[in-house]
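Asker: Chain by chain, the residues:
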Amino acid sequence: MADINFERTVIMIVDDDIETRNVIKNYLIMFGFMNFIEAGDGAEAYGHVLDSIKRIDLIISDWEMPKTDGLALLRAVRSHKVRHATPFIMVTSQQSQERMKITKAKLNAVDCYIVKPFRADVLKDKVWEALTLGRLKKAAS
Amino acid sequence: MSQWAKKLNSYSLEPRPALLEESNRRILIVEDEPAIAEGIKNILSPVTNVVPLHRSSRQKTTTAVPIESSEKKQDNFEVVWARTPAEALALVRKSVEQNNPFAMGFFDVLLGSDIDGIELVRQVQLLDSKIFAVFVTAYQDRSVDSIQQILGADNLDRWDYINKPFSDGSILQKARNTVSLWNLKEQQKRQEEQLAEASNLLRQGERTNVVAAVGRSVAHEFGNLLQHIIGHAEIALHKNDLHQMHQSLKTILKAGETATSVLDKFKKLNNPSESKSDEKPVNLNQCINESADLMTYEFKKRNIKVTWIKNHQCDIVGDHHSLIQVFINLFTNSSHAMNSSGQIDLSVAKSFSEDLSEAWAEVRIRDHGPGIPKDVLPFVMNPFYTTKGQQGTGLGLAICKEIIEVEHNGEFSLANHPVKGLEIVIRIPIKVETKNG
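So the protein lines, in turn, are chains E and V. Counting in this note's numbering, the first sequence runs from 1 upward without gaps. Counting in this note's numbering, the second sequence runs from 1 upward without gaps.
None of these hints come from the bench; they were simulated from the model. Some hints here could point you the wrong way.
Result set (PhoX-like, lysine-lysine): computed pairs, CA atoms no more than 20 Å apart in a straight line [unchecked claim]:
hint : chain 1 : residue 1 : chain 2 : residue 2
1    : V       : LYS250    : E       : LYS25
2    : V       : LYS301    : E       : LYS67
3    : V       : LYS420    : E       : LYS25
4    : E       : LYS137    : E       : LYS81
5    : V       : LYS239    : E       : LYS124
6    : V       : LYS174    : V       : LYS280
7    : V       : LYS130    : V       : LYS174
8    : E       : LYS81     : E       : LYS54
9    : V       : LYS189    : V       : LYS130
10   : E       : LYS67     : V       : LYS305
11   : E       : LYS67     : V       : LYS300
12   : V       : LYS431    : V       : LYS374
Please construct the entire structure, taking both the sequences and the accompanying hints into account.
Answerer: This is the structure in structure tokens:
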């Protein structure tokens, strides 16, 4: 857990709500991270995913967004040749039953789940969990 | 399953088997000749002796209760005899008061009293509008039309007649038919009441659907707002920097204010009882704006742009909540019709009749979706028609139409727009002002 390279790690934050993006970024800065890519919806985020020069170590994405939502982004990332194993944290503010069903169905594809509103500690746990999982996946492949 | 749906399912519109036991078998005989009364009574309900009620004083008639037959025949009629019109009226009045009405009465036409049988029935039916009357007469002294004239057209199907001398069978059969007719009418009325209550429940259910749809949107919005509040509080605490704290507190306050206004709108929608009794002056434009605000998340999610084409201020008399329900329903339909992205054009304008004596607020809501196929269009406003499968109740548009047409005396129509999409036109009458709007 200790061996996260804060100077190199790049986290992409995807949310249509600028203020929420801001809060997540500030939380991550509090944890020690320094490099971020921000996107307002799934399509914009996928543009960054397709840019092969960019380093992306973790994606934190809102589920409910206009145009391309978080689920579409997750699917796109998972079917990408190179980046399919990128750790992915899904953020949602809805806990209705239908959402839960989809959640269960997609549990294998998404690394972590987080429900708005959340405290910094919760995000920290999830970020570390996702990054550890990502490293294990990389080692396995 | 929601509470109202459960209640709704408990309704059975089948005739209830218990009805036969509960059915009203009470028959009144008004006849001044004891021998004839006895005769009729014996045909309808043999064994029991007829107790002439006229022996008591008028006040005491109320205590005279019909005698239950000890040997019940299958007809099971409960027969009560009144000798004079006054007795008959007292009995009917009491029967209504005690909620134990007569299904029918046999009325002698010539009663040897100041009023005849026909006038008596007119008065009886004023006391009990449901009672059936069968006139018993030896004289063809009244034509059917003249009786109808006295009893009125409203009671046309509430009377019949039989000529003396009558056969046992004809009296019995008349009694059987008339009594079952009374009970059938009651059953019908009860079922209509059940239907009305069921439809009321469905309306409540539909409102619940609207509230639930908006609720999801509000939940999303609150998730974000709470995130702003919690996030900024934590960041401010962590950084311990005065400038950051100042910024964070500002953001927190703003989030709080936004949450309050969202909650206010939601509360208004969720509390229909508040407005149930009163029809107040309502600004139509404000209703539409509030509804669109409640749909913000839905519109944002589906990338739908809302454009005002015309926005004339229109004040009408109506029910704020019902109107919001209508617009949210229509906006939901429109946004479902345009899946990934689209546009909704709104227009509110005043229109006048030629002589300027009448004015309407005309609302047009047009989406840029695929419209409705021609073969489906005639049915979309029918209750229970749905194109959304399990998702829809098929009541949305039917209820919108009812709210506009019944509650607001307006007109509700929809048609495919000549260029693209579906256009809904709502016209609600407004009071004509002296100046031209």
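Asker: With reference to the structure, classify each hint as holding or not holding.
Answerer: These are the hints, each one checked on the structure:
Simply put, LYS250/V and LYS25/E have alpha-carbon atoms about 18 Å apart, close enough for the 20 Å limit, and the pair holds. Between LYS301/V and LYS67/E the CA atoms are separated by roughly 7 Å; this keeps the pair inside 20 Å, and the hint holds. For the hint pairing LYS420/V with LYS25/E, the CA-to-CA distance comes to about 43 Å; that exceeds 20 Å, so the pair is violated. Taking the CA atoms of LYS137/E and LYS81/E, the gap is near 15 Å; set against the 20 Å cutoff, the hint holds.
Of the pairs offered as hints, the one joining LYS239/V and LYS124/E holds, with about 17 Å between alpha carbons and a cut-off of 20 Å not exceeded. Under the criterion of a C-alpha separation no larger than 20 Å, the hint pairing LYS174/V with LYS280/V is inconsistent with the structure, at around 54 Å. Only pairs whose Cα atoms come within 20 Å are accepted, and LYS130/V paired with LYS174/V is accepted, the gap being roughly 17 Å. Of the pairs offered as hints, the one joining LYS81/E and LYS54/E holds, with about 15 Å between alpha carbons and a cut-off of 20 Å not exceeded.
Proximity of LYS189/V to LYS130/V is assessed by CA-CA distance (about 11 Å); at most 20 Å being required, the pair is judged to hold. Restraint check: the Cα-Cα separation between LYS67/E and LYS305/V comes to about 12 Å, which is no more than 20 Å; the hinted pair holds. Note on LYS67/E and LYS300/V: the hinted pairing holds, with a Cα-Cα distance of about 8 Å set against a maximum of 20 Å. Distance restraint check for LYS431/V and LYS374/V: the Cα-Cα separation of roughly 36 Å exceeds the 20 Å cut-off, and the hinted pair is therefore not satisfied.
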